[in-house]
Every structure is written in structure tokens, then in C-alpha cells.
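Participant: Assemble the whole structure, with the sequences as input and the hints as a guide.
2 protein chains.
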Amino acid sequence: MEKLRNGYLFPEISMRREAHQKKYPDAKVISLGIGDTTEPIPSIITSAMSEYALGLSTPEGYQGYGPEQGQKGLRKAIAEKVYPNMGIRDTEVFISDGAQCDIARLQMLFGRDVTIAVQDPTFPGYVDNGVIMGQTGGAEEPSGRYAGIEYMRCAPENGFFPDLTTVPRTDVIFFCSPNNPTGHAASREQLRQLVDFARRNGSIVVFDSAYTSYVSDSGDKPRSIYEVPGAREVAIEISSFSKFAGFTGVRLGWAVVPDELLYADGTRVARDFDRVVCTSFNGASSVAQVGGLACLATEEGREAVRRVVGKYKENTRVLVDTFAALGKEVYGGDDSPYVWVRFPGQRSWDVFAEILEKTHVITVPGSGFGPGGEGFIRVSAFNSRERVVEACARLTSFLA
Amino acid sequence: MEKLRNGYLFPEISMRREAHQKKYPDAKVISLGIGDTTEPIPSIITSAMSEYALGLSTPEGYQGYGPEQGQKGLRKAIAEKVYPNMGIRDTEVFISDGAQCDIARLQMLFGRDVTIAVQDPTFPGYVDNGVIMGQTGGAEEPSGRYAGIEYMRCAPENGFFPDLTTVPRTDVIFFCSPNNPTGHAASREQLRQLVDFARRNGSIVVFDSAYTSYVSDSGDKPRSIYEVPGAREVAIEISSFSKFAGFTGVRLGWAVVPDELLYADGTRVARDFDRVVCTSFNGASSVAQVGGLACLATEEGREAVRRVVGKYKENTRVLVDTFAALGKEVYGGDDSPYVWVRFPGQRSWDVFAEILEKTHVITVPGSGFGPGGEGFIRVSAFNSRERVVEACARLTSFLA
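Residue numbers (the UniProt record's numbering), protein chains in the order written: chain A, 1 to 400; chain B, 1 to 400.
The set of hints was computed from the structure by calculation and includes no laboratory data. One or more hints might be untrue.
Since the list gives no way to pick one copy over another, a pair counts as held whenever it fits inside one copy or between any two copies.
[Claimed, not checked] As a list, the in silico EDC-like pairs of lysine to aspartate or glutamate whose alpha-carbon atoms are at most 20 Å apart:
hint, residue 1, residue 2
1, Lys3, Asp113
2, Lys76, Glu300
3, Lys3, Asp272
4, Lys72, Asp90
5, Lys358, Glu390
6, Lys76, Asp259
7, Lys313, Asp36
8, Lys311, Asp334
9, Lys3, Asp265
10, Lys311, Asp217
11, Lys358, Glu18
12, Lys22, Glu357
13, Lys311, Glu60
14, Lys313, Glu303
15, Lys81, Glu300
16, Lys72, Glu12
17, Lys28, Glu354
18, Lys76, Glu299
19, Lys72, Asp36
Facilitator: In C-alpha cells, the structure reads:
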């Protein structure tokens, strides 16, 4: 814990927001910061949760502990609807209270003595949970890199994908696609390289697909790592209802641990993960699970959720156009709710602070996602169309 | 993970139950096994959750991420209603998805290099999460004790409380009262000894009060460790809505980490726990939190919950009377939903298997809670009155 010196990124931003609001009590702050959904959940989903909750007061409707691994029906719906034709069995799907919690449980499973690689930049949760588990040395200044972690640089210059011939072997590789924060979705060829690399090295890939529902329909970018042959033998996939169905507060996610994923001694990783789930967790809220099933079970539910994702994707378009019109180097957006903007020669926290001071718009400093994010900011599409448009107007006056 | 060889107790029982049901397809199995609530949740609570869930489909009612530490109102209600006059501040209450998950997060916080003590017998989660974190050596056969853990024997012979003058110092002491499985609630004098012992040794007590709502009104048994002077400087308390409001499936609990609890270097434990919560967890389901608030906010809610606890307590009385009438040594029950029955000279799993075979009643073998539980079974009051009475009739014919 001592090594984890800096504030966690989002609480830090939240503190700065409060300070700003105190300084400017009348300012209408617009948050394009934390990736928190703002659109209401479709009523087909909330009605299912509402009815289930009410039923808990009746002898017929009451349910206590469910299986720690999640309700059978939900596991089946995920296997069939999220992973069609990928050979995922319902027993390989472990329902959770969100991808962040699964990262922690996976890091508990891996323990202190593993080596890990992460994209740079990437979501801070992989590294931070590794630091808590004692996998790393201290943080180096001023980069903020932790000793012992392999940072795989993902920048515009390399198509946001590392040259794997130069990456040393690690036991575990955390890989987020579409990436948070860059918004880059790995191509089929890139994921093929990743899977081959892991197979050659006997590494486990933890593939975070929390933003996969934002991938465009062009077809050349896989929505799951299991679209790539051989992935079942090397990859765990974690994902979430948060960004896909607005469940950030309701809390629901899942992890897929295929039966073919084995340790060097031939035992199944899934057996140990099951044990961690049963020991450290007692299952996701039954109410949330009913909501998750309503998202997936019917075409009506799936269409309702797609419409919400579509709204955020329109916001992303507005953001990309705004920054492009300002002559900025802008990435992401096509396959993700995040836009990644470069401010050459500037420090991310300075850009963040200047934008907040001048426009009352919250963004996220790219350096919060790793040293490779320095000089960028992440702008989130999670807000109402109206506020996104207003924020873009302010940004345009300020940056033009 | 290698060391954690045996199946986790409750999944193991669940497998045996399935096998039994397969062998006797027509048998009406009655579970007095896992401590899973069966009574419906009072409608004042489910209505609140139901309404909130429905509101998530409206712009006014929608909420995304809440604070990782929980909703302010709920933290406040717990501080005021669960800990009246104990000086607990709302900021010291961390809302969670259940006590078992908090045990895992606390073990993550403590890390691999701490020494721990547990009651023997006790809830297996403390030890199992410690084994996953790498705190222990391997399991010794046949006792099942893990090397490196201090087992504090709690038996009828010592009033279910260890002689602390013979217990070596450890960094952390897990203490569950009312105890699961023995049903013993520590007296004020016993807790005073425990707090003094921890203060002298510079140990942290993790006090699990998940069953505290079952403590009788006699007044000589504290419902919280914070009733004992000095506890704020040594104790974390974890607790849950599961057994108190029937939230085993809804998932809601909390941990109290007082500001005065410091590491040897003078830094606050709460600061690090906050960091673990923000890194490894994203808050309890918002729907569950609304339900939790409805349990506590009004006298009507509190009374509704008390009535449910009262029903289980009547079941406990039936169970105690049944075993007593059979001439068995029987403990617990007064202050807990568990009854602890001795079968001298027999092995717990044999007793479990024989009862299941002959009466189709599920109990829990005492040895599943540690070597000190050998020769006992735990019988749970969590079932309908009708089924408890039926189970008692069967047990009487078999054991008489």
C-alpha cells in the first residue's frame, strides 16, 4: 500500500472538480471526465428489475443466495448472445459486480509473484491492483512507472499496438480493446499477433472488452478476443454491463475463463478462479442480474440497449469533429465512447487544469493512464447531447 | 491457490445435496445448512428498491456511479442507527456488497506478510482469503489447520472464549460475535479482554458482527465492539444486511474503519482501506443501497426487519428444545440463528452424512469451521417454521 502513493485518478479529478466549483459557485461545470453513463436505462430493463425487487416481499418471489458464479439463465444468455459461434459455454461465464472488481479478483488469483504487462496508456486498475498485491517495485519519478511492470507503448506512431518482437515475456498481459483511454480498437491482425505472442510465451491475456458494444459494424475489428483462433487457450475476457446498458450504479459484469486455459502444470485456471469467486465474493446482486438478463434475453431488450449506445456514439462524432476542426490531432471515437486528443509539448494535468479553469469542462489527463498518455487528454462522450454540444462550443472559443 | 486444496465448505455441501437428491429423487430434503435467509423481505423495503429501479429509466431518476464508499445517506443511517452513542462518524462507514467481500478486501489490504489469529471454530472466509493471499503454509493433515495461523480454541469448556494469556501476538485477529458457527455471543467482559489484548500487542481486531441483530435484549452482550472503551483504536467492524434483512441475494454490507485506527508508523488504516475500496471495488449496487436505507431510515422499516429476525429466533428455540429433549449437548441459539450440537466421539462429516441419509435434513459439519469444530454440527434456523418443525420431527425419530 505504501507504494500506491498518488490518489487514484478519478477520486483525484472529483476533488479538483469540487475545488473548482467552490472557486466558481455559479459556473455550470460539464463533465466529460469519468466514463459515467448519463442516459436513463431502457424501461424494459428497469421494469424487470422493479418487478423482481417487489417480488422479494412474497414467498414465491423471494430468493436468497444465488450461485456465486451467477444465475444460470444470465450465464447462458451471455454465452449465446455476446459470444455467438465462439464456442463459449455458460459454465465458463462468471457473473460479477463489474470489470473493476474482476480485475481485483484476477490479481488475487495471480498473486504477488507474477510479472505483468499493460498497454501504455491504459485503464489504471490493472496496475493499481497489481501494486496492492505487491507485484511491483516503487513508482519511478517523474514518469510514475512502477518498477517490474512491462509498459507496452500504444501511440499513434505504432497504430496503438506494440511491436511485440521487442516486448519481453510476462506471465500476464492486460489488454483493453477498445482501449480506454485511446479509443483504439485492435484489428483482427493485431489480436492475432497478441494471441500468438501469448501462446508462444505461455502467457495469460486478460482481455478487457468493457467497451466492445461501441465497436463499429465494419466487421474488421473483433468484438471479443475469442473471435481469434487459439484464444481459448490463452485468454480470459472481462466485460461489463456498465458502459453498454448504463449499469455503472447498478453494478454488473462478467469474466469468461475458458476450460482450455491451463497452468503450466496442466491444471485449469477456471478451477482456481471459481475458488476465488466462491471465497472472496458472494455473487452479484440478484436485482442487477435480472436487469442484465432483460438486456440480453429479447431482441427488444438488445435493441433498446443498442439505441442508448447509439446516442453516445453520436456524441463522440460531435467531439471528434470539434477537435478536428480546431486542427487538433484526435484519435478514438469510432469504436469507443472516448476521444483522445494530443496537446504536443504540454503536460496532461496542465491541459486538464487550463480547460477546467477557462471552460468549466472536466476532461481526464492522459498521464493518469500511464506515462504514455502524457501530452494527451481523454474526452468522454458520456453526457447528454445538449451538454456535449455546449462543452464543444466552450472548447472551440477557448482553443480556437 | 495450490494450498487451498479442499472444496469450499458450502459448495461442497451443495454438491452432496445434489448427489443425495439424485439418489432419492422423491425425498423432501430440508436445508438447515447454509445460513441462507428464506423469509420474504418486508414490503416497505422492496417497494423502495422497486420504485428506485423503475426511476432509473427516467432522466430525473437515473444515477450512474455512486461514491465507491457508498451513498452518504446510508452511511449516515448506519452510523446513527446501528451505532448510537458509539461515536461512529458516517465517513468511517464503508458500504459494501457483503461481509465476505469485505474480508477479501481487508486481506488484500493486509497483504501476505501479516500474521493472523482466528477463533476455532469460525467462519472459513477469514482463513481461506488469507491462504489465497499467501499468508499461510500448507494445510496439515488430518486437522486441516494451516501452518502460520493462530487458532484460538473456543469450546464449551472455556466459555467459547480463548485464554488470551496463552495466545501469541499476531498482527490481525479475526473475531466473529455472535460466532458463526457456535452461536456464542461474547460478553462485555470477554470483549474488554480482547480489546485490551489487541491494544497491548498493537494488533488489529476485525470484528464480524453479521449476526448481531440476533443478540437478545438482556443487555450484557454488546452488539458492537465499539461499545467497549478503546475499541476505536484497534478494531475494524464488518457487518451485513444479509442475515438481518434477508439481503443474501440483494448483497449489501459495510465495514467501519475508525479514524483512530493507526499503523505503527502513525498513518491511518482508513486511508489505505479507502484506497483499496476505490481500486478494487466500485461500490455496492445502487438498488441494494436504497433497500438498505429503507431498513434503517424509519421506525417502520426497523420494526419490519426486527419482526423477520424474531421469526428465525422462534425457529432457533424449536431447534434448541428438540436437541435438548434428545439429551444432546446443545449451544448457541439465544443470540444467533445457529445451534451448535455436540456428537461426542463422532466425526462431523459422518454425522452430517448419516443425518442426511436417514432424515433428508441438511446440516453443516462443524469441522468445516476449523479443527475445533470436529464432533459438532451446526444447525441453522433459516427456514420456514413449518420445515423446521418437520425437520425436528425427523431428527427426533432418528436420534431418539
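Participant: For every hint, state whether the structure bears it out.
Facilitator: Cross-check of the supplied hints:
1. Lys3 to Asp113: both (16 Å within a copy, 15 Å between copies)
2. Lys76 to Glu300: Within one copy only: 18 Å inside, 40 Å across.
3. Lys3 to Asp272: So lysine 3 and aspartate 272 pass the 20 Å test across copies only (11 Å; inside, 28 Å).
4. Lys72 to Asp90: within (7 Å within a copy, 38 Å between copies)
5. Lys358 to Glu390: within (14 Å within a copy, 73 Å between copies)
6. Lys76 to Asp259: Cα proximity of lysine 76 and aspartate 259: one copy only (16 Å, versus 45 Å across).
7. Lys313 to Asp36: within (14 Å within a copy, 44 Å between copies)
8. Lys311 to Asp334: within (13 Å within a copy, 57 Å between copies)
9. Lys3 to Asp265: between (33 Å within a copy, 15 Å between copies)
10. Lys311 to Asp217: Within one copy only: 15 Å inside a chain, 56 Å across chains, cut-off 20 Å.
11. Lys358 to Glu18: Classified as within; 16 Å inside a copy, 65 Å across copies.
12. Lys22 to Glu357: within (12 Å within a copy, 68 Å between copies)
13. Lys311 to Glu60: between (39 Å within a copy, 18 Å between copies)
14. Lys313 to Glu303: within (15 Å within a copy, 48 Å between copies)
15. Lys81 to Glu300: within (13 Å within a copy, 43 Å between copies)
16. Lys72 to Glu12: between (39 Å within a copy, 19 Å between copies)
17. Lys28 to Glu354: For lysine 28 and glutamate 354, only the intra-copy Cα distance (16 Å) is at most 20 Å; the inter-copy one is 69 Å.
18. Lys76 to Glu299: within (16 Å within a copy, 42 Å between copies)
19. Lys72 to Asp36: between (29 Å within a copy, 19 Å between copies)
Checked against the numbered hints above, the structure breaks none of them.
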